[in-house]
Amino acid sequence: MCARRTRGHAIAIAIAAADRPETARSVARVTACALWGLETALVTVEVDVANGLPAFVVVGLPDAAVQEARERVRAAIRNSGYEFPLRRVTVNLAPAERRKEGTGFDLAIALGILRASGQLAVDVAALCLGELALDGALRPVRGAMPRVRHAVARGVSEILVARANAGEGAACGIAAFGFVSLRETVDHLEGRVRVASAEVPTRAPEPTPAVDLCDIAGQETPKRALEIAAAGGHNLLLVGPPGTGKTMLARALPSLLPPLDDDEAIAASAIHSVAGLADPDHPVLAAPPFRAPHHTASHLALVGGGSPPRPGEVSLAHFGVLFLDEVAEFSPSVLDTLREPLEERAITISRAGTAATYPARFVLIAAMNPCPCGRFGDQAAECRCLPDAIERYRGRVSGPLLDRIDLRAHVPRVPYERLREERREASLAVRVRVHAARERMRDRLRGTGRRLNADLTVAEVRRFCRVDEDTDKLLADAVRARRLSVRGFHRVLRVARTAADLSFRDEIATEDVALALLLRGE
Amino acid sequence: MKALSSDSEDYPRALLDLRDPPHPLWLEGDAGVLSRRAVSIVGTRRMTPYGARVARELATAFASAGIVVVSGLAQGIDSAAHEGALEAGGISVAVVGAGLEAFLADSRGRRGALAQRIRDSGALVSEFPPDAPARTWTFAKRDATIAALGEITIVVEAPAGSGALITADEAHRLGRTVYAVPGPLGARTSVGTNTLIAEGRARAITSVPMVLDAMGASATTLRVDRDPIGARILEALAPAPADPDALARRLGLRPAQLTTEVARLVVSGEVVCGADGRLARR
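Residue numbers (the working numbering), protein chains in the order written: chain H, 1 to 522; chain X, 523 to 804.
Don't read these hints as lab results, they were simulated from the structure.
If a hint is listed, it holds; no wrong ones were tucked in.
Here chain X is said to cover these stretches of chain H; the calculated rule only asks that three of the stretch's residues, wherever they fall, bring their Cβ under 8 angstroms from a Cβ of chain X:
1) 386 to 400
2) 469 to 483
3) 505 to 513
All values reported here derive from a predicted model rather than from experimental measurement.
Where a beta carbon is used, it is the ideal one built from N, C-alpha and C, also for glycine.
Turn these sequences into a full structure, and let the hints guide you.
In structure tokens form, the structure reads like this:
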């Protein structure tokens with residue numbers, strides 16, 4: 001009796017041992033990273049493979065896409081030549097109290113299961129990001145760059161991602177390994193294949209600007225306004241009959257802007273990464289982004305939204321230019337959503353359960369016709385709009401929005417003789433001035449995190465925008481005659497500061513203030 | 523709201539010259555202003571910036587001389603004339619082409635505010651019952667009433683077929699002197715006024731003091747001593763508004779050379795910087 005019982009016991013132990021090889025552990029841990037807007041948090045993917053009825057459960061507040069990871073992971077593991085354990089598989093995404101979104105957890109879950117079931121011989125210390133295809137191929141995910149940056153800050157030293165995401169990872173200064181499939185990832189981890197870490201990607205070559213300033217004849221005042229907008233980050237409204245070059249002027253703006261510095265480039269690229277717009281070969285932007293949404297754009301498209309909240313055009317234009325052509329054709333309620341980002345330089349999108357804050361530090365360039373028929377003020381054509389219709393048309397751009405636009409320039413039809421004129425300043429020459437002016441601003445604002453005159457606080461305006469007595473009198477007259485509100489007063493001084501910076505002057509001269517007053521159009 | 527019957531004390535005598543005087547005349551505001559000396563300034567709704575400036579300048583000059591400015595409170599020239607009069611602190615009377623209640627219910631926004639200001643210092647009048655809606659014929663009848671109220675009638679801008687020409691014809695019939703502002707040949711908005719002058723039915727206005735003289739009033743504008751470039755800028759802006767580049771070209775200067783002086787004129791209110799970024803004389 002006794003011997004039999006001993007033998008049965010030994011068999012039970014042997015079965016258990018065979019089932020759980022030496023290298024396997026019951027709980028495997030792999031690091032992933034969750035993303036809400038631009039906010040990130042490291043997530044530990046814990047996988048437990050235990051006896052019981054075959055089941056596959058994901059806990060830790062997964063959203064629908066994470067729940068579906070079960071099906072992708074199961075198929076990918078099987079189709080990569082591994083066994084999907086016919087036991088009770090429990091996946092926990094810790095910390096468990098916040099909702100996890102998206103498909104980026106697939107790779108971490110799959111590696112966790114392989115590790116917990118003993119099919120992967122080593123622990124995974126790296127950050128794993130990637131979506132799995134049913135055949136085991138590894139797909140890139142949105143928002144790799146902010147997640148990797150977060151992981152780097154938390155001391156993670158290498159990452160495993162899809163090949164198309166490797167550049168984004170490497171750009172964050174970390175050893176980034178890009179793979180095409182789950183199989184390749186496992187082979188790399190177990191040392192059978194040696195995949196080299198991705199090289200730090202070069203910045204995208206600067207695109208040749210579509211328009212150079214010297215392509216545009218005449219238009220001295222609008223060009224001057226454009227230069228001030230480029231240097232100081234002031235918003236600009238161009239008004240003029242159709243076909244006079246408003247769009248061309250706006251499209252020439254990128255040719256005046258200096259390239260992004262490293263911090264700006266990473267910050268802007270991170271938003272593009274979240275939106276899934278990153279170029280795999282050159283994930284880091286070089287030139288300031290230029291976004292030109294069509295006038296049928298919705299709230300969601302312009303300021304962002306959806307669930308989970310995605311960045312809108314205002315955020316994709318971060319550190320760049322947002323160009324609204326035919327601004328009066330935009331829905332007035334859509335335009336008014338711009339007020340918050342223009343003031344706060346960021347937009348917070350709140351949805352049930354989630355809120356995302358995206359930065360939106362852009363220069364707004366808007367263009368519109370002077371009246372519904374477009375011919376008001378055109379010497380070459382007669383406008384047939386009634387005064388009330390003109391007023392209604394202009395009223396489509398609301399007062400509060402106009403108040404945030406510091407520069408207003410009329411773009412007239414250029415007489416033929418001027419079209420033939422040869423002597424025109426090229427963008428490069430203006431860009432040199434813009435660059436120098438920006439250097440002066442940067443020195444002035446060192447340590448504040450702000451870089452442009454448009455962002456000067458009221459206290460800084462008082463400190464940096466001193467004017468002489470004569471100029472002060474001009475401003476005082478303007479305020480007294482109610483041509484200028486207090487907000488307008490500060491805005492005029494900021495623009496005057498930029499005009500002086502473009503002329504390499506420390507002191508603001510009367511003509512700078514005069515120009516600012518005229519361009520404000522009050 | 524008051525209804526003035528044609529035999530009442532306050533009923534303006536001038537209206538009795540009409541073939542069919544309004545009876546009663548509905549009124550909001552001060553009935554007394556209707557018996558004061560008045561000038562009628564009318565013109566098209568689709569005005570040019572030049573017309574807007576001239577209408578405003580004429581109204582301002584008459585109002586400063588203590589003469590009531592009568593018009594029809596339509597958009598365009600009418601509104602510019604009312605605004606010019608009120609801006610000078612003068613009195614204005616609006617003869618509207620609908621019942622007063624119906625008119626006030628319909629006009630919101632800028633014209634509603636203008637109607638309020640006219641009522642506060644002057645008067646809104648109508649010959650139609652308060653709830654009568656506007657019709658084509660009500661405007662034509664109203665145009666004749668405007669002609670009767672003014673000692674003289676000025677047509678600032680009118681294309682062919684404009685309602686302002688009805689006012690001119692009626693004024694002519696009533697024996698009131700009609701003046702018209704001559705406009706550029708080929709400009710649609712000046713076809714009517716130029717025709718009035720050509721056919722001898724209206725006198726051409728050559729300057730603001732000239733029409734003031736005709737009413738025995740004199741211009742009381744102060745001549746501000748201005749540096750020559752300021753005067754040249756105002757002169758260059760007289761025919762039409764201009765963008766800064768075109769203005770500089772007209773004066774043979776670079777835009778940057780003009781900036782300070784133009785800004786001073788804007789601050790002093792002699793030049794306005796329009797919503798479209800163009801500079802215009804006031």
